[in-house]
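Construct the entire structure; sequences and hints are all you get.
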Amino acid sequence: MQEFLDDFRATISLAAERFELISEVQSQFPRAEGKWSPREILGHLIDSAANNHQRFVRAQFTDELVFAGYEQAEWVDVQRYQDEPWSDLVQLWRLYNGHILHLIEVTPAEQRTKQRAKHNLHQIASDLLSEDEPVTLEWFMRDYLDHMKKHLGQIYESLPASQSVSPAAAVG
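So the sequence shown is residues 1 to 172, counted in the working numbering.
Keep in mind that the hints were calculated from the coordinates and are not lab data.
This structure is a prediction, so every number in the text was calculated from the model and none was measured.
Built from N, CA and C at the ideal position, the CB exists for glycine as well.
Treat the hints with care, since some could be wrong.
[Said to hold, decoys possible] Computed Cβ-Cβ distance ranges for the label pairs, DEER-style:
| id | residue 1 | residue 2 | range |
| --- | --- | --- | --- |
| 1 | Pro30 | Asp88 | 18 to 28 Å |
| 2 | Val66 | Pro30 | 18 to 28 Å |
| 3 | Glu133 | Ala68 | 14 to 24 Å |
| 4 | Leu5 | Leu92 | 16 to 26 Å |
| 5 | Ser87 | Asp127 | 24 to 34 Å |
| 6 | Pro134 | Glu74 | 28 to 38 Å |
| 7 | Pro160 | Glu133 | 40 to 50 Å |
| 8 | Leu128 | Ser87 | 30 to 40 Å |
| 9 | Glu105 | Asp146 | 13 to 23 Å |
| 10 | Arg31 | Glu71 | 16 to 26 Å |
| 11 | Pro108 | Ser23 | 13 to 23 Å |
| 12 | Pro108 | Arg80 | 15 to 25 Å |
| 13 | Ala109 | Glu74 | 17 to 27 Å |
Here you go:
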């Protein structure tokens with residue numbers, strides 16, 4: 001577990017450093033036609049943090065991992081992250097994920113590792129999982145970080161060419 005926590009902490013730190021290399025103007029441009037801009041991707045990660053924060057807390061009061069999903073694209077659209085300053089989004093993302101890291105650190109091991117037969121993670125998690133396969137809260141927490149890293153790699157594509165990183169190094 002310590003390795004996971006260290007990876008999470010390093011991912012937040014490295015991403016915050018790399019985000020400083022992306023200007024307010026650069027953060028507005030979509031990666032390609034029909035794709036989200038870095039601001040919108042980071043906004044999506046803030047929404048993911050908000051949803052998963054409450055899931056990680058609620059999971060400690062039940063024997064199942066059944067949670068409502070959310071309309072990701074609609075959440076990004078309605079909040080108009082494109083109109084919010086990049087620096088504000090970066091700060092909110094960094095602080096919120098620092099809190100989620102804290103929550104994961106203080107979640108008792110018996111809660112993190114308890115097998116849950118009833119779940120809907122096959123519908124809401126980033127990684128593939130069978131509906132019939134028991135799962136732990138820790139698996140879901142690790143899935144959260146995997147999802148984050150995927151989207152951080154998309155944001156890193158907006159780094160100036162002299163600052164770009166390889167896909168393997170991009171995720172921390």
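Right, here's what the structure says about each hint:
1. Pro30 / Asp88: 18 to 28 Å: holds (19 Å)
2. Val66 / Pro30: 18 to 28 Å: Violated, since Val66 and Pro30 (Cβ atoms, about 35 Å apart) do not stay within the stated range.
3. Glu133 / Ala68: 14 to 24 Å: holds (21 Å)
4. Leu5 / Leu92: 16 to 26 Å: holds (22 Å)
5. Ser87 / Asp127: 24 to 34 Å: holds (31 Å)
6. Pro134 / Glu74: 28 to 38 Å: With Cβ atoms ~32 Å apart, the hint holds.
7. Pro160 / Glu133: 40 to 50 Å: holds (43 Å)
8. Leu128 / Ser87: 30 to 40 Å: holds (36 Å)
9. Glu105 / Asp146: 13 to 23 Å: holds (18 Å)
10. Arg31 / Glu71: 16 to 26 Å: holds (21 Å)
11. Pro108 / Ser23: 13 to 23 Å: For Ser23 against Pro108, whose Cβ atoms are near 43 Å apart, the range 13 to 23 Å is violated.
12. Pro108 / Arg80: 15 to 25 Å: Since Pro108 and Arg80 have Cβ atoms about 39 Å apart, the given range 15 to 25 Å is violated.
13. Ala109 / Glu74: 17 to 27 Å: violated (37 Å)
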